Amino acid sequence: MLAEPSITFDSSAPWRINPQVSLRDEAFGAMAYHHGTRRLVFLKSPELVELVRSLERYESAHHAIDAVVACEQHDRYATALSSLANSEIICER
Amino acid sequence: MSANSSLRNRFERGLSAPICLTWELTYACNLACTHCLSSSGRRDPNELSTSEAKSLIDEIARMQIFYINVGGGEPMIRRDFFELIEHAVVQKVGVKFSTNGTRIDRPAARRLAGIDYLDIQISMDGVDAATNDRVRGAGSYDAARRAMDHLKDANFGPFKISVVMTRESIEQLDEFEDLASMYGAQLRLTRLRPSGRAVEQWDALHPTLLQNRDLYQWLLQRPNVLTGDSFFHLSALGESLEGLNLCGAGRVVCLIDPVGDVYACPFVIHEQFRAGNVRAAGFNDVWTNSELFTSLREPGNPGACGSCGSYDACRGGCMAAKFFTGLELTDPDPECVFGHGETALAAKRVVLRPTSLPDHSRRIPVSLSAR
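Line by line, the protein sequences give chains S and B. Counting in the numbering used here, the first sequence runs from 103 upward without gaps. Counting in the numbering used here, the second sequence runs from 7 upward without gaps.
Keep in mind the hints are simulated off the structure, nothing from the lab. One or more hints might be untrue.
To be verified - For each label pair, taking beta carbons as the anchor points, the in silico distance ranges come out as:
hint	chain 1	residue 1	chain 2	residue 2	range
1	B	355	S	185	52 to 58 Å
2	S	122	B	354	38 to 44 Å
3	B	140	S	115	56 to 62 Å
4	B	98	S	161	24 to 30 Å
5	S	155	B	183	40 to 46 Å
6	S	169	B	111	54 to 60 Å
7	S	185	B	335	33 to 39 Å
8	S	155	B	364	43 to 49 Å
9	S	122	B	228	22 to 28 Å
Keep in mind that this is a model prediction, so the values were computed, not measured. Every residue, glycine too, gets a C-beta built ideally from N, C-alpha and C.
With the hints as extra help, turn the sequences into a complete structure.
Pasting the structure below:
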């Protein structure tokens, strides 16, 4: 069994959607497919999709969360981004 | 791949495009496997032309379908096989194709190894020639092994060894695991469906209740073994297996056959489950607007399974398996782990088994000459 790659999510760094990833909008949010790892990942809310798409417009993930997500949801969305970083759906730029 | 139950409910109402689109390129095949689910053998004169096939790939790319599962027949028999898969991968439509391996010689293996976004599944039905060739025909085992040797020599990377679970092959799981690891390959196990020529073979070939229970335990311990989500009927035994665990027919799954007919899933090539043809107004129109798919996306009737505590785990099982064994779609799966399917079949006075149509089986037996 292959070990899961462990990628530390640094929210103060600039991030973006991995160029190997295709994103398709769906009513529940979006599906992301990584053409390299062949993994399919579900983004389970439209807000998360918006956040992921906005990453490359901000100087850090932290700034993107501040701009796109309501305050009380910040931790939740930081966790979601961390999990997307781990599955290589987003990467540092 | 994992999904919580609210997401699963969402999937059951359908998606903007399939997750898993199977496209059978040709009905032509140089083997005549006894359980062929598409009754393949002879090419159909009406198969999509190269330019029609390319237009379909363009549409698939526009629909943002991430990858296609290419099969047949034997897809590599088509003269434009490489042209078509290259047309797909340059548009970032990944290709996973199933082959019997007979056309993978040294140069073909090298060419395949040079293509990105490509996965290969070599089909086998036994870990030794005797077991395999009883299903796939004389010489087919050696041909598959030669293909695997060529892929290894060409450094293709981890290809897949794809095995349909029959009463015989299911006894060879550990040996298959060893074979895969010898090649650095991934093992992929799928469920035998009583479709195509397997309608006739079902009684003799489908695993017993006990074998299915052992398989479930074996799979639980090996989340890295691929299954194409095909054993979700076994999830009624307890913990869910990897995958979406639902019947995706017409919701997240569908099949395009070699003449462009669209069916709800690869295992129901029958007019009752034909949604339309891509030659009319394109694939997206069939996927989005066909009456059949619209009805499959309505909340299902749990039927006889409604009172079973495990319905939420197995969702009543596989539509194709029910249909072709002569059960109603509201009956339990014929391989229900609690035996409810067998009871339902036994209670029927008359069991009518539909035959898969169209049938492209060869009328004379084929023999595979060694290459």
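Here's how the hints hold up against the structure:
no.	hint	result
1	B:355 x S:185: 52 to 58 Å	holds (54 Å)
2	S:122 x B:354: 38 to 44 Å	violated (51 Å)
3	B:140 x S:115: 56 to 62 Å	holds (58 Å)
4	B:98 x S:161: 24 to 30 Å	holds (29 Å)
5	S:155 x B:183: 40 to 46 Å	holds (41 Å)
6	S:169 x B:111: 54 to 60 Å	holds (56 Å)
7	S:185 x B:335: 33 to 39 Å	holds (38 Å)
8	S:155 x B:364: 43 to 49 Å	holds (45 Å)
9	S:122 x B:228: 22 to 28 Å	holds (27 Å)
In summary, the structure is inconsistent with hint 2 from the numbered list given earlier, while agreeing with all the others.
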